Amino acid sequence: MVDFSKVRAIDFHTHAEEPCGCHADDGYDDLQSTMAKYFGAPWSHPPTIPETAAHYREKNIAAVIFPVDAERETGYRRYKNEEVAELCAENSDILIPFASIDPHKGKMGAREARNLVENYGVQGFKFHPTMQGFYPNDRAAYTLYEAIAETGKPALFHTGQTGVGSGMPGGNGMRLKYSNPMYIDDVAVDFPDMPIILAHPSFPWQEEALSVAQHKPNVYIDLSGWSPKYFPPILVKYANTLLKKKMLFGSDWPMIAPEKWLDAFDQADFRDEVRPLILKENAMRLLQSI
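Numbering-wise (the UniProt record's numbering), the sequence shown opens with residue 1 and increments by one.
The set of hints was computed from the structure by calculation and includes no laboratory data.
Treat the hints with care, since some could be wrong.
[As the list claims (entries may be wrong)] Ranges between beta-carbon positions, derived for each pair:
#: 1; residue 1: E51; residue 2: D266; range: 22 to 28 Å
#: 2; residue 1: K177; residue 2: R78; range: 35 to 41 Å
#: 3; residue 1: K229; residue 2: E273; range: 17 to 23 Å
#: 4; residue 1: K107; residue 2: R78; range: 35 to 41 Å
#: 5; residue 1: D186; residue 2: S166; range: 23 to 29 Å
#: 6; residue 1: K107; residue 2: A268; range: 20 to 26 Å
#: 7; residue 1: I290; residue 2: K229; range: 29 to 35 Å
#: 8; residue 1: P204; residue 2: K229; range: 39 to 45 Å
#: 9; residue 1: D266; residue 2: D138; range: 36 to 42 Å
#: 10; residue 1: D266; residue 2: P232; range: 17 to 23 Å
#: 11; residue 1: D30; residue 2: A89; range: 28 to 34 Å
#: 12; residue 1: K229; residue 2: G152; range: 33 to 39 Å
#: 13; residue 1: S166; residue 2: Q267; range: 22 to 28 Å
#: 14; residue 1: S5; residue 2: A268; range: 22 to 28 Å
Owing to the predicted nature of the structure, the values given are computational and were not obtained by experimental measurement.
Every residue, glycine too, gets a C-beta built ideally from N, C-alpha and C.
Between the sequences and the hints, there should be enough to build the whole structure, so can you do that?
Right, dumping it as structure tokens:
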């Protein structure tokens, strides 16, 4: 397990990639290379989990890491949650494993979620409504949410538009409407004891995200996917005041390196007393409670 007292920050949003390639034949390679160009990422192949661990260990930053199970909607092959968890276990001094399960899998997905927590040490679950093609408040997803809520683990939802599919024909078939954070308000009502993280500044629905996080005690926001120099003023204002204990540092590695995000954060208009909350203390309190 990560010794939180020894790391300088906790990155709540990093992506796991397979060592065997980006699967050019199913289109995943095109998505990754386009995203890398969009974000200015300095790699030709996304770093593997061991490479990610080495980078974060060097920077003395702990990382929540997960795959995205969007195989049904996109055709991109699924990176098995079990393999991700096993690699994280080999790097448990720095990596915190989350899993991803397509909510359309219903009872099969619920069974997988329970097994991953009980036998693989998974600490939370990632959802990407835009890539997985579902509204978060779709009752078909509730079977999986119920299983996650039973484990006490958090659910992290992609929100807003962060550049995934940007510039590709038809946005790579990805529909932005699914990632309006207001749909997650229903989930927070129906699962009040399940910690929920709204990932990213939620452009163009930033005020909706702030409203949900302020209104629902179990909802947090991670600040990944955007450089802090581009944060809207209202997000910074709420992070400095009403939501200072509900904001989490996240980079969106490997598209944004944590050190690049942190450099921009140093220059952004955050209060000195709020910075340690965002960088580590809020995440540590959340992770230690599950």
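Here is how each hint holds up against the structure:
1. E51 <-> D266: 22 to 28 Å: holds, 25 Å
2. K177 <-> R78: 35 to 41 Å: violated, 24 Å
3. K229 <-> E273: 17 to 23 Å: holds, 21 Å
4. K107 <-> R78: 35 to 41 Å: violated, 18 Å
5. D186 <-> S166: 23 to 29 Å: The hinted range 23 to 29 Å holds for D186 and S166, with Cβ atoms some 28 Å apart.
6. K107 <-> A268: 20 to 26 Å: Given about 44 Å between the Cβ atoms, the range is violated.
7. I290 <-> K229: 29 to 35 Å: Given a distance of about 32 Å, which is inside 29 to 35 Å, the answer is holds.
8. P204 <-> K229: 39 to 45 Å: Check failed, 19 Å falls outside 39 to 45 Å.
9. D266 <-> D138: 36 to 42 Å: Since D266 and D138 have Cβ atoms about 40 Å apart, the given range 36 to 42 Å holds.
10. D266 <-> P232: 17 to 23 Å: At roughly 19 Å between Cβ atoms, P232 and D266 fall inside 17 to 23 Å, so the hint holds.
11. D30 <-> A89: 28 to 34 Å: holds, 32 Å
12. K229 <-> G152: 33 to 39 Å: holds, 36 Å
13. S166 <-> Q267: 22 to 28 Å: holds, 25 Å
14. S5 <-> A268: 22 to 28 Å: holds, 26 Å
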